Amino acid sequence: MKEVVHIGIPSAPGPDLQELLARVARGEQEAFADVYDAVAGPVLGVVRRVLRDHAQSEEVAQDVLVEVWRTAPRYRPDRGTAMNWILTLAHRRAVDRVRSVEASAAREHKAALLAHTPEFDEVSEQVETHLEREQVRRCLRTLTELQRQSVALAYYSGLTYRQVAELLALPLGTVKTRLRDGLIRLRDCLGVSA
Amino acid sequence: MTRSDDPHTLTGAFALHALEDEERARVEEHLAHCDPCAQEVRELTETAARLGLAVATAPRRGMRDDVLRRITSVRQDVPRAEPESGLPRTSRRARPVSRWALAACVAAAAAFGGTALWQHQQAQDARDQTHQARKEAREQSQELASVLTAPDARTRTGRLADGASATVVVSASRNRAAFVAAGLPEPPRGKVYQLWFDDDGSMRPAGLLSPGRDSQAMLMDGPVDRATGMGITLEPSGGSAKPTTVPVAQMLFPA
Chain A
11 MKEVVHIGIP
21 SAPGPDLQEL
31 LARVARGEQE
41 AFADVYDAVA
51 GPVLGVVRRV
61 LRDHAQSEEV
71 AQDVLVEVWR
81 TAPRYRPDRG
91 TAMNWILTLA
101 HRRAVDRVRS
111 VEASAAREHK
121 AALLAHTPEF
131 DEVSEQVETH
141 LEREQVRRCL
151 RTLTELQRQS
161 VALAYYSGLT
171 YRQVAELLAL
181 PLGTVKTRLR
191 DGLIRLRDCL
201 GVSA
Chain G
2 MTRSDDPHTL
12 TGAFALHALE
22 DEERARVEEH
32 LAHCDPCAQE
42 VRELTETAAR
52 LGLAVATAPR
62 RGMRDDVLRR
72 ITSVRQDVPR
82 AEPESGLPRT
92 SRRARPVSRW
102 ALAACVAAAA
112 AFGGTALWQH
122 QQAQDARDQT
132 HQARKEAREQ
142 SQELASVLTA
152 PDARTRTGRL
162 ADGASATVVV
172 SASRNRAAFV
182 AAGLPEPPRG
192 KVYQLWFDDD
202 GSMRPAGLLS
212 PGRDSQAMLM
222 DGPVDRATGM
232 GITLEPSGGS
242 AKPTTVPVAQ
252 MLFPA
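Residue numbers (the numbering used here), protein chains in the order written: chain A, 11 to 204; chain G, 2 to 256.
If you are wondering where the hints come from, they were derived from the structure by calculation, not from laboratory data. Careful, some of the hints might be misleading.
Said to hold, decoys possible - One-sided excerpt, in silico: chain A residues whose CB lies under 7 Å from chain G:
| no. | residue |
| --- | --- |
| 1 | ALA43 |
| 2 | GLY55 |
| 3 | ARG59 |
| 4 | VAL76 |
| 5 | ARG80 |
| 6 | THR81 |
| 7 | ARG84 |
| 8 | GLU142 |
| 9 | ARG143 |
| 10 | VAL146 |
| 11 | ALA164 |
| 12 | ARG197 |
As the list claims (entries may be wrong) - Only some residues are given here: those of chain A computed to face chain G with a beta carbon under 8 Å:
| no. | residue |
| --- | --- |
| 13 | GLU68 |
| 14 | GLN72 |
| 15 | TRP79 |
| 16 | GLY90 |
| 17 | HIS101 |
| 18 | ARG102 |
| 19 | LEU153 |
| 20 | TYR165 |
| 21 | LEU178 |
| 22 | LEU180 |
| 23 | LEU196 |
Stated by the list, open to error - If you want the ones that stay clear, here's a sample from chain G, every Cβ over 12 Å from chain A, calculated:
| no. | residue |
| --- | --- |
| 24 | ALA49 |
| 25 | SER74 |
| 26 | ASN176 |
| 27 | ASP199 |
| 28 | LEU253 |
Predicted model only: the values in this text are computed from it and were never measured. For glycine and all other residues, C-beta sits at the position ideal for the given N, C-alpha and C.
Using the sequences and the accompanying hints, generate a full structural model.
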């Protein structure tokens with residue numbers, strides 16, 4: 011088992027998120043307000059990055075936050091951090107929305123997507139994620155260009171790896187490998203352990 | 002699964018939600034049987050979340066009130082049965098992945114050339130009780146995992162009465178053995194299943210199975226040393242120093 015090394019994870023002020031979620035699970039609405047304050051920014055950020063449409067993003071982000079309230083009793087700390095649980099949910103919901111809306115549209119928007127390959131330099135008005143952003147940005151730079159591009163298209167644009175392959179005109183296997191290798195490199199750079 | 006289409010290589014795409022539903026389901030199935038893959042997915046999912054954390058953005062001020070208002074009319078889900086509150090036998094699919102029960106599957110599958118000896122249900126059962134055991138004995142479970150995943154782990158499975166099965170996994174390099182049973186009948190009141198190392202006909206205590214569960218995975222107490230097999234007997238609660246009943250089952254260790 012690897013040593014846990016936390017680097018640059020913004021330490022949320024106030025009670026620990028996991029603790030808060032346990033109280034939410036018992037139906038405490040005040041605790042949920044604190045959870046909201048800790049996660050609403052990241053949740054909205056993820057959803058907006060994937061959807062790009064502001065109005066739709068807020069709608070999906072709200073749904074995700076309500077889902078956090080509803081399903082908090084089912085959160086299992088042994089499966090991962092509370093933030094991970096919530097952001098995974100947010101990303102999943104955003105991706106679901108993209109795929110339902112844009113099922114085939116991605117192909118038509120090839121050019122637009124390529125032109126829009128998410129860059130980390132895009133401005134996001136933000137709260138206290140500066141450190142985190144710096145670190146992720148630094149670690150993304152350790153990826154090869156093609157790894158970075160593939161990971162960004164999958165995560166930030168919500169594309170399937172097939173779509174990524176099509177977009178970049180690469181064999182499926184290559185994209186698969188790149189997504190995995192890219193994430194592994196990121197994991198090691200960020201010192202993530204689970 | 003075929004080599005050319007190995008779900009293992011899809012862990013990255015899985016963590017990024019970059020799979021279509023059908024593939025996702027297939028990978029999930031694979032993860033239930035592949036501990037290293039499940040662990041990798043956990044780590045890569047945490048990594049993906051960091052990509053998300055880095056793009057946080059300030060919500061519109063009024064959104065907070067909107068959300069806080071909405072939750073007042075949303076009923077919360079019922080929690081899953083907690084291990085402390087009894088025996089969790091429902092929602093198996095939703096149970097957390099356990100490192101070592103899955104490792105058992107890997108070890109067994111490896112030892113049997115990848116045949117589907119370990120059926121999904123058994124894995125689920127093992128996982129159910131794994132969760133509880135892990136809470137009680139994290140260290141032991143890590144040791145167990147190391148036995149089950151040892152490169153030289155050898156496995157033998159036997160059928161017991163009433164459809165129960167028992168598998169023993171032995172690692173010579175670690176000098177430890179693990180025992181996995183499924184479908185064991187409930188011991189009579191006041192009795193407990195006890196495991197034994199068979200040192201050439203002399204039985205050495207190797208631990209008790211926790212009562213109240215019909216499937217078990219545990220690290221046998223003590224080193225394997227010269228033991229050539231193992232046995233299970235029914236003993237009075239608390240166990241005995243020597244077997245007091247005819248063994249329920251005896252198995253030779255795998256060569």
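These are the hints, each one checked on the structure:
no.: 1; hint: ALA43; result: holds, 6 Å
no.: 2; hint: GLY55; result: holds, 4 Å
no.: 3; hint: ARG59; result: holds, 5 Å
no.: 4; hint: VAL76; result: holds, 5 Å
no.: 5; hint: ARG80; result: holds, 5 Å
no.: 6; hint: THR81; result: holds, 5 Å
no.: 7; hint: ARG84; result: holds, 6 Å
no.: 8; hint: GLU142; result: holds, 5 Å
no.: 9; hint: ARG143; result: holds, 4 Å
no.: 10; hint: VAL146; result: holds, 4 Å
no.: 11; hint: ALA164; result: holds, 4 Å
no.: 12; hint: ARG197; result: holds, 4 Å
no.: 13; hint: GLU68; result: holds, 6 Å
no.: 14; hint: GLN72; result: holds, 6 Å
no.: 15; hint: TRP79; result: holds, 4 Å
no.: 16; hint: GLY90; result: holds, 6 Å
no.: 17; hint: HIS101; result: holds, 6 Å
no.: 18; hint: ARG102; result: holds, 6 Å
no.: 19; hint: LEU153; result: violated, 11 Å
no.: 20; hint: TYR165; result: holds, 5 Å
no.: 21; hint: LEU178; result: violated, 13 Å
no.: 22; hint: LEU180; result: violated, 13 Å
no.: 23; hint: LEU196; result: holds, 5 Å
no.: 24; hint: ALA49; result: violated, 6 Å
no.: 25; hint: SER74; result: violated, 10 Å
no.: 26; hint: ASN176; result: holds, 21 Å
no.: 27; hint: ASP199; result: holds, 32 Å
no.: 28; hint: LEU253; result: holds, 33 Å
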